[in-house]
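Asks: Top to bottom, those sequences are chains A and B. Residue 82 in my numbering sits at position 82 of the first sequence, and the numbers go up by one each step. Every position in the second sequence, counted from 1, becomes a number in my numbering once 171 is added.
By construction, these hints were calculated from the structure, which means they are not laboratory data. One or more of the hints may lead you astray.
[Said to hold, decoys possible] Heads up, simulated SDA-like pairs for lysine to any residue below, C-alpha to C-alpha not over 25 Å straight-line:
hint : chain 1 : residue 1 : chain 2 : residue 2
1    : B       : K282      : A       : S72
2    : A       : K66       : B       : E240
3    : B       : K282      : B       : T193
4    : A       : K7        : A       : A130
5    : A       : K114      : A       : L98
6    : A       : K114      : B       : I271
7    : A       : K106      : B       : S258
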Amino acid sequence: MTNSARKILVVDDDGLVRENVVLFCERLGFDVTSCATVASAMGHASTGEFGVVLADCFLPDGNGIKILEEMSLSHPDMSIVMMTGFPSIEAVIRSLRLGAVDYVIKPFNLYELKTILERAAQKHTYALSAREALRLAETAGSGANGPITQDVDKRRSQIAETEFASSGVRY
Amino acid sequence: MPSLLVVDDELLIRDLLYDFFTGQGWTIAVAENSDKAISIMENKPIDMVLTDIKMPGMDGLELAAWVREHYPTTPVVIVTGYPSVESAVSAIRSKVTDYITKPFNINQLYKTLEANMPGRKETGKQK
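Model the full assembly from the supplied sequences, consistent with the hints where possible.
Replies: Okay, structure coming up:
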């Protein structure tokens, strides 16, 4: 995995939850940064150094989904996991449409969280690989239907297949 | 011509969607359960799957997971009359493209499917 895949931003205004999640993520080998507000999270996440963001939905200065909304546009390779103790069907559907890689409902068990975060990190790595393959094809100056682009499409498909096969999780 | 597989155990829904999307020039296949849907996918090219959740046998979320495993680039859109947080979270984890609740506005549904149809210049999000 690339370094960014092991860099995680944890966003939660509940100090106890945040501290526990930070400790747990560190035990998983993540390089962890944490904060408690949307504004602070935006500041950290916009640097682009994080592969994974775990964000609570209800934060003192706004809805955590705003982080997902903005980062899915500016940093589409970032894997964003939403979490909340007060889930609603509307919020889950909105998260799905914005590209959240998962949605965790509190209280959660740590085994579940481990699986979710490892899968999120893996997805970030695959996204970077696909982007790099595309960049190489574009650098080679091939046309949209050229052999290199076709090869990239094939590799993207292979990456998608590998991603599923290696997730090893059935919910 | 886009090809859509509609999976729903309600005949009225299947007929409604078949008539509407055929009228838009799409190629439509219909299945009343997941087993039949899998059989269709194994025998003809399908660009996108639109599936109900609650059906006899394998449900729509299990079908979505099967499609993700065997046809990872084929988008799956869930449509359900019984939305729940649990099934919507499962939908995220199965990497479905969208989760739509019944009753739906068919023109809105058309726009959603068209926007996410593979090969379009501006497709929806890639998960």
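Asks: Look at each hint and say if it fits the structure.
Replies: How the hints compare with the structure:
Our distance criterion of 25 Å between C-alpha atoms is met by K282/B and S72/A, whose separation comes to about 21 Å. Between K66/A and E240/B, the direct Cα distance comes to roughly 31 Å. Violation of the 25 Å bound is thereby established for this hinted pair. For a cut-off of 25 Å, the pair hint linking K282/B to T193/B stands: about 15 Å separates their Cα positions. Proximity of K7/A to A130/A is assessed by CA-CA distance (about 19 Å); at most 25 Å being required, the pair is judged to hold.
Taking the CA atoms of K114/A and L98/A, the gap is near 23 Å; set against the 25 Å cutoff, the hint holds. Between K114/A and I271/B the alpha-carbon distance is near 29 Å, which puts this suggested pair outside the 25 Å criterion. Under the criterion of a C-alpha separation no larger than 25 Å, the hint pairing K106/A with S258/B is consistent with the structure, at around 16 Å.
Of the numbered hints listed earlier, those contradicted by the structure are 2 and 6.
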